[in-house]
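K.L.:
Listed here are the chains, written in short residue letters.
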Amino acid sequence: GAVVSQHPSRVICKSGTSVKIECRSLDFQATTMFWYRQFPKQSLMLMATSNEGSKATYEQGVEKDKFLINHASLTLSTLTVTSAHPEDSSFYICSARDLKRGSPLHFGNGTRLTVT
Amino acid sequence: AQKITQTQPGMFVQEKEAVTLDCTYDTSDPSYGLFWYKQPSSGEMIFLIYQGSYDQQNATEGRYSLNFQKARKSANLVISASQLGDSAMYFCAMREGLQNAGNMLTFGGGTRLMVKP
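Those protein sequences? They're chains A and B, same order as listed.
Going by our numbering, the first sequence opens with residue 1, and the numbers climb by one from there.
Going by our numbering, the second sequence opens with residue 1, and the numbers climb by one from there.
There could be a bad hint or two in this list.
[Claimed, not checked] Derived list of chain A stretches under chain B, where covered just means 3 residues or more per stretch with a C-beta under 8 Å from a C-beta of chain B:
{"id": "1", "stretch": "15-21"}
{"id": "2", "stretch": "63-77"}
{"id": "3", "stretch": "87-95"}
[To be verified] Which residues of chain B face chain A? A few of them, derived with a C-beta cut under 8 Å, are:
{"id": "4", "residue": "47"}
{"id": "5", "residue": "50"}
{"id": "6", "residue": "52"}
{"id": "7", "residue": "109"}
[Stated by the list, open to error] One side only, chain B facing chain A, incomplete, derived with CB under 8 Å:
{"id": "8", "residue": "84"}
{"id": "9", "residue": "91"}
{"id": "10", "residue": "108"}
{"id": "11", "residue": "110"}
{"id": "12", "residue": "114"}
{"id": "13", "residue": "115"}
Everything labelled a hint here was simulated from the structure, so no lab data went into it.
Backbone N, C-alpha and C fix where the C-beta goes; we use that ideal spot for every residue, glycine too.
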């Protein structure tokens with residue numbers, strides 16, 4: 001079964017509004033979660049590393065004020081797309097790793113964001 | 001420079017035949033892990049197989065096997081007895097650093113596999 005839950009799976013919003021995406025680790029604690037973005041027919045590109053209790057680490061070219069990340073607990077990280085524009089339309093996917101089990105990264109099912 | 005290279009953007013394979021998806025990587029870290037994920041059209045990422053840089057034997061998981069050639073820095077995925085449900089995007093990925101570190105993955109560009117009936 002799924003070990004990383006991502007919500008919502010699809011969202012449509014209007015330009016200028018904000019959208020929050022949640023990523024939860026279901027049966028393990030994740031001090032670190034990763035947020036990826038995927039354009040159609042392209043690979044996953046790391047946006048940022050979410051660290052529990054501290055600031056996220058953003059990849060070069062990713063606007064931290066636009067993509068707000070909050071990792072408030074050991075099982076939840078949120079990505080908020082602020083003042084969304086149509087070019088923010090994409091597939092966003094989070095991942096986390098159960099370090100205790102030494103498992104590979106588990107991915108959420110992704111969120112398809114469409115900004116109209 | 002690309003850290004993970006998948007040179008086959010798309011491939012066809014006949015049902016029940018085997019197929020090899022290529023992946024080459026570049027790292028100077030002696031500790032790393034290589035992963036293959038399957039992404040169906042629905043978008044979720046499904047973990048298939050893992051190979052650690054210090055693993056002596058090639059990894060196998062059911063119909064999936066990883067042809068790990070360390071000197072050539074290649075980690076090709078072999079799918080035996082292809083099934084129609086294998087049609088999907090396949091991503092090779094690498095984690096640099098020790099296994100117990102929560103390091104992020106770097107992905108290749110992906111290969112779209114299409115299985116013909």
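K.L.:
It remains to establish, for every hint, whether it holds in the given structure.
P.N.:
Hints versus structure:
1. 15-21: Since 0 is below three, the answer is violated.
2. 63-77: Result for this restraint: violated, n = 0.
3. 87-95: That given contact holds, which follows from 3 residues of the stretch 87-95 of chain A lying within Cβ reach (below 8 Å) of chain B.
4. 47: Since the shortest Cβ distance to chain A is 5 Å, the answer is holds.
5. 50: holds (5 Å)
6. 52: violated (10 Å)
7. 109: holds (5 Å)
8. 84: violated (21 Å)
9. 91: holds (7 Å)
10. 108: At about 6 Å, which falls below the 8 Å cut-off, the nearest Cβ of chain A leaves the hint on residue 108 of chain B intact, so it holds.
11. 110: Hint holds; residue 110 of chain B Cβ to chain A Cβ min 5 Å, cut 8 Å.
12. 114: Hint violated; residue 114 of chain B Cβ to chain A Cβ min 14 Å, cut 8 Å.
13. 115: With a closest approach of 18 Å, the residue 115 of chain B hint is violated.
Of the numbered hints stated above, those contradicted by the structure are hints 1, 2, 6, 8, 12 and 13, listed in ascending order.
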